[in-house]
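Engineer: Sequence:
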Amino acid sequence: MRIHHVFLLLAFVLPISHLTAQAADKKPVPSDLEPLPEAMPPPAVTESSPTDTPEITIVKKGETTFEEYRMNGELYMQKVTPAHGKPYYLMKQDQEGGWSKYDGPAAPLVIPKWVIFRF
Numbered sequence: 035m036r037i038h039h040v041f042l043l044l045a046f047v048l049p050i051s052h053l054t055a056q057a058a059d060k061k062p063v064p065s066d067l068e069p070l071p072e073a074m075p076p077p078a079v080t081e082s083s084p085t086d087t088p089e090i091t092i093v094k095k096g097e098t099t100f101e102e103y104r105m106n107g108e109l110y111m112q113k114v115t116p117a118h119g120k121p122y123y124l125m126k127q128d129q130e131g132g133w134s135k136y137d138g139p140a141a142p143l144v145i146p147k148w149v150i151f152r153f
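Taking the numbering used here, I'd label the letters of the sequence shown as residues 35 to 153.
Hint data in this document are derived by calculation from the structure and do not stem from the laboratory.
Ideal placement from N, C-alpha and C gives every residue a C-beta, glycine not left out.
It cannot be assumed that every hint is accurate.
[Said to hold, decoys possible] Taking lysine-lysine pairs in the DSS-like style, the calculated list, with each CA pair at most 30 Å apart, reads:
1) K126 / K113
2) K94 / K61
3) K135 / K147
4) K120 / K95
5) K135 / K120
6) K113 / K147
7) K94 / K113
8) K113 / K95
9) K94 / K60
10) K135 / K94
11) K95 / K60
12) K120 / K94
13) K135 / K95
[Unchecked claim] Derived CB-CB ranges, DEER-like:
14) P71 / G131: 25 to 35 Å
15) R152 / K95: 34 to 44 Å
16) M74 / R152: 16 to 26 Å
17) L70 / Q129: 31 to 41 Å
18) E130 / K95: 42 to 52 Å
19) I90 / D66: 57 to 67 Å
20) A78 / A117: 41 to 51 Å
Work out the full structure, taking the sequences as your base and the hints as a guide.
Structural biologist: Have a look at this one:
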């Protein structure tokens, strides 16, 4: 019974919405229209602005290769490629020199550290 009500409602609503759409298409265009002003050019990129690409330094210690990733001169990640075994990442965890090992598809667990008391 409810399906019949839905079909009846659609039968009355659809022709009305079709007529209002046709009426909206036939509105006269105002004669006092003006073109929009030209768009401003994008701002120029200067060399003094920091870039989003990291600086990568490759260091070899024995048979182990370290790739150091720096952003604005600050070391934030290292990729360690040992001679034997899988490469892994060391990511900076906090400002006090804490590093966390990252070697899987999931991001490393970052535990929040707040200073409550300082003596």
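Engineer: For each hint, tell me whether it holds in the structure or not.
Structural biologist: Checked hints:
1. K126 / K113: holds, 12 Å
2. K94 / K61: Roughly 74 Å between the alpha carbons, so the hint for K94 and K61 is violated.
3. K135 / K147: holds, 17 Å
4. K120 / K95: holds, 17 Å
5. K135 / K120: Roughly 13 Å separates the two Cα atoms, so the pair holds.
6. K113 / K147: Holds: K113 and K147 sit about 24 Å apart, inside 30 Å.
7. K94 / K113: holds, 12 Å
8. K113 / K95: Satisfied, since the Cα-Cα distance of roughly 13 Å is no more than 30 Å.
9. K94 / K60: Measuring from Cα to Cα gives roughly 74 Å; hence the hint is violated.
10. K135 / K94: holds, 19 Å
11. K95 / K60: violated, 77 Å
12. K120 / K94: holds, 16 Å
13. K135 / K95: holds, 19 Å
14. P71 / G131: 25 to 35 Å: Hint violated: Cβ distance 55 Å, outside 25 to 35 Å.
15. R152 / K95: 34 to 44 Å: 36 Å Cβ-Cβ, so the 34 to 44 Å window holds.
16. M74 / R152: 16 to 26 Å: Hint violated: Cβ distance 50 Å, outside 16 to 26 Å.
17. L70 / Q129: 31 to 41 Å: violated, 50 Å
18. E130 / K95: 42 to 52 Å: With Cβ atoms ~24 Å apart, the hint is violated.
19. I90 / D66: 57 to 67 Å: holds, 59 Å
20. A78 / A117: 41 to 51 Å: holds, 47 Å
Going down the numbered hints, you'll see the structure goes against 2, 9, 11, 14, 16, 17, 18, while the others check out.
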